[in-house]
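S.K.: One letter stands for each residue in the lines below.
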Amino acid sequence: MKSTKLTYLLVCALAMTLAATGCKKKPVRVTDLPGQRVGSPGGGQPTPLPPGGTVPGGETPIGGGQLPEDLNDLSRFNQDRETLAAHIVHFDFDSAVVKSSEKANVEAVAAYMKSTPKVALLVEGHCDERGTEEYNRALGERRALALREALVSSGADASRITTRSFGEDKPVAVGHDESAWKQNRRGEFVVLHPK
Amino acid sequence: MKKIMRLKPFLIAAGLLCFGCATQAQSDIEITKDIIPGNTKPIPVSLSGFTGEAAEVIQFDLYVQGFSFTTPDVAQYLISGGNNGNLTGRATDRFNKSVLVNKSYTGASLRRQAHAFVEDFLHAIGRKGVDPTKKIAFKVDTGANGEIYIADFDGHNAQAITHDNAIVAAPAWVPGRLALCYTSYRFGNPDIFLHDLTTGQRTGVARFAGSNISPAPSPDGSKVAMILSKSGAVDLWVANIDGSGLRQLTKTREDDSSPCWSPDGQWICFATKINERRSLCKVPAAGGPVQRISTSGVSNPSEPDWSPDGKWIVFTAQMGGFEICVVPASGGTATLLVSGEDPSWSPNSRTVVFARRSGGSRRLSLLDVPTKQVKDVSRISGSNSQPSWAK
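So the sequences go chain by chain: A and B. Note that my numbering numbers the first sequence so that position 145 is 145, with each residue one more than the last. Position in the second sequence counted from 1, then plus 1000, gives you my numbering.
Please keep in mind that the hints were generated in silico from the structure rather than gathered at the bench. All values derive from a computational prediction rather than experimental measurement. All C-beta atoms in this analysis are idealised placements derived from N, C-alpha and C, irrespective of residue type, glycine included. Hints may be right or wrong, so weigh each one.
[As the list claims (entries may be wrong)] Part of the chain B face toward chain A, derived, beta carbon under 8 Å:
#, residue
1, A1209
2, S1211
3, F1322
4, S1381
5, S1385
Looking at chain B on its own, in the form it has when it is part of the complex:
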């Protein structure tokens, strides 16, 4: 009896402590009015008349942009057409009966026509589509070595752009140009290259001793952020896109990694460790103090990517497995979306391409952040990872 009497005050204290913590935690949640990541219902549409590859493409493109498929009596939009030779497509709003799209498509391929039809439908309802002309770049590992590939956002029309037969990593599009930065071990240690896809020429951007990794071109294409170890520590540096004008942005003993830029070009966000805790941080691109970006609710964040509309940072959280998460760009409570890693935003700030582990290998997948709808893209034989979506 005596023992229980002594315990009681502590139980009450513990209860009060928990209550206190709970109420404090609630004040960290930011209220954002636009998209609620992971918590938005898909928009129901009905599809009819399309067959084969055209039907596949239309269904794929709609699903990864947050639509679901149902019967015409309960759909919000009615989408119909045919693909006898060329594609014809029609989309109407079931409620107000307005005709949103009514078009015949010619030229290119049936796939391209189908992509274009979905884009037209999205524009007609006030949405930004993925812009099927914006390709993804990624790496394919086959055993010990790999190559950099580019493909349509659904994985089709893939082509290798390197033939290094070496370890390659981290391709990143230069915005507004058909050019990529990436890392290659072709010459021994990891070097960063700029590869112009229109001329086929590539030039060295950072080929210093040590490891030159994780290139991130700036939104205006004029600069590149990189992780270099030339100074004796693994730090964040920035240079002009040709490698000139090199400046060091961080000086720490911790391993900084995976830089990405804010869309206004003012900040570089990256992963590091502060006080023994892995965190996302940002530093002014012109130089200055490093600030932490809080990601409450998840731990071990890495591989951030800042949405083109400036509002969100998508990243990988490692908690046992790997999880794709988003957090408001100013920091706050993170939302866990789907298992996966290494995300990259589409220009529409809504669709994300990422990699997921499957067996002993990785493959690429697309995620609609608001609805959490996920679909794998076509894969190249081998492990496909580290995707970058052109902007």
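So that you can see chain A by itself, here it is in the shape it has in the complex:
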């Protein structure tokens, strides 16, 4: 009987302490976000993407007018979706983590890049519809970058890999349920053959 009373008092004391302090919000402080960056293996330095389009400048007419080709890097290549189509990588909801179950796909793509020196690679990130449009555009890019990082970790050459995001704009499955959504949360590998 005594032990029950003691337990009762201890628990009440604990509860009141928790009630007083446990829910208190931390005071608003200026805090730096962690300064981690996407980096190449074994080094702290971030790996910059290969040079893209030229620094902006010059006037560009809208509409049907012909534009100078040297402003468009991707136009120097033929885009080949077929060669690596078997290795599309899928992601969990709201995540850009390359799952361990996708390791085989990443390794296969890295092996292809290592054995095919003349090509470059465009990694595309895609999302399902369950996000706002710009959020998804950013998430898709993060997925593409995560795959690029994984490829580099597997020995692929970072200077031959670029990325782009399509957000939720290019679903492969048009349903509004998980069976469609999980197909749409993906990274695709587009081989770039120089023209």
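On the provided structure of chain A, position chain B as indicated by the hints.
M.R.: Using the frame of chain A, we list chain B on its own:
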């Protein structure tokens, strides 16, 4: 019996814990004296004498600015007139009998005259109207591709300003100019352009490798905040409006998105993830540490827009569906207003244009934040989304 005896202390403890949490949560509510978002009664007016398109416009404009319609005996304001050819309009205060507006309108179109009459009425009662000359920009998707459009705030007089036949996104007005920034995939990967609507010329602002997305021109039109991935991570950058003078403002592994500026140009607010939790944050536009803006009561905030009067941030919260919410600009308790996403403030810091999902598609709608009154705008065939209201 023994089992119940042992359980009792824990039940009491749980009760105390809940009580403690409840009292702590109450101290987070900020008391603001002006508009109470979502909790303001509409002002009743009576309308008579207008017909057809004039009546439509007047009714629409008043509804989306927080008025309701009733009989003259109980209205606060009596609004009457005619539109036989040109519009004539009269508005009186039913209580003090003062004549607020008594005008004939000429020129432009009947729609424009009707818009102008409502503006005059609002000014006469000390309110800022939407300013019908301030247009909205948005994107229209038709299947795989889309174009950027501009229109009157009610969706009328829409015109396409791109003919890229590509994926386009996130148009944003350059304040004080007839110019837009937006993203286009016309040349393969997403690039940010500055498009001068008076000359029809557009120039590249950010055309780096990777994705260049979510442009947000500064309130004085001299700079633009953007999300770029050129460094190998999805981060916030700022540059001069022509793309020169590029500076990186965030360096994180998380995907930062949707920047917007404080009206004084000192801060950039954006969406990111801190400690695994999606949050709104702000960073000094000149560079500096990132601070979290709390949005208590809702989760997964994104797509913020800072009101021109500096007081509120409107944003999308994703909790199952998508909800338009507001929070005081310094952070605090968020107020959920209406289902929808991607809001943009009118210059009056009261009306918001946003997109809502309808079937498999999106359409634009207007929201009066104080009264939560909502009305769809005219739509262009296809999915209409990502609106930006000119300031």
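S.K.: Confirm or reject each hint.
M.R.: Checked hints:
{"no.": "1", "hint": "A1209", "result": "holds (3 Å)"}
{"no.": "2", "hint": "S1211", "result": "holds (4 Å)"}
{"no.": "3", "hint": "F1322", "result": "holds (7 Å)"}
{"no.": "4", "hint": "S1381", "result": "violated (18 Å)"}
{"no.": "5", "hint": "S1385", "result": "holds (6 Å)"}
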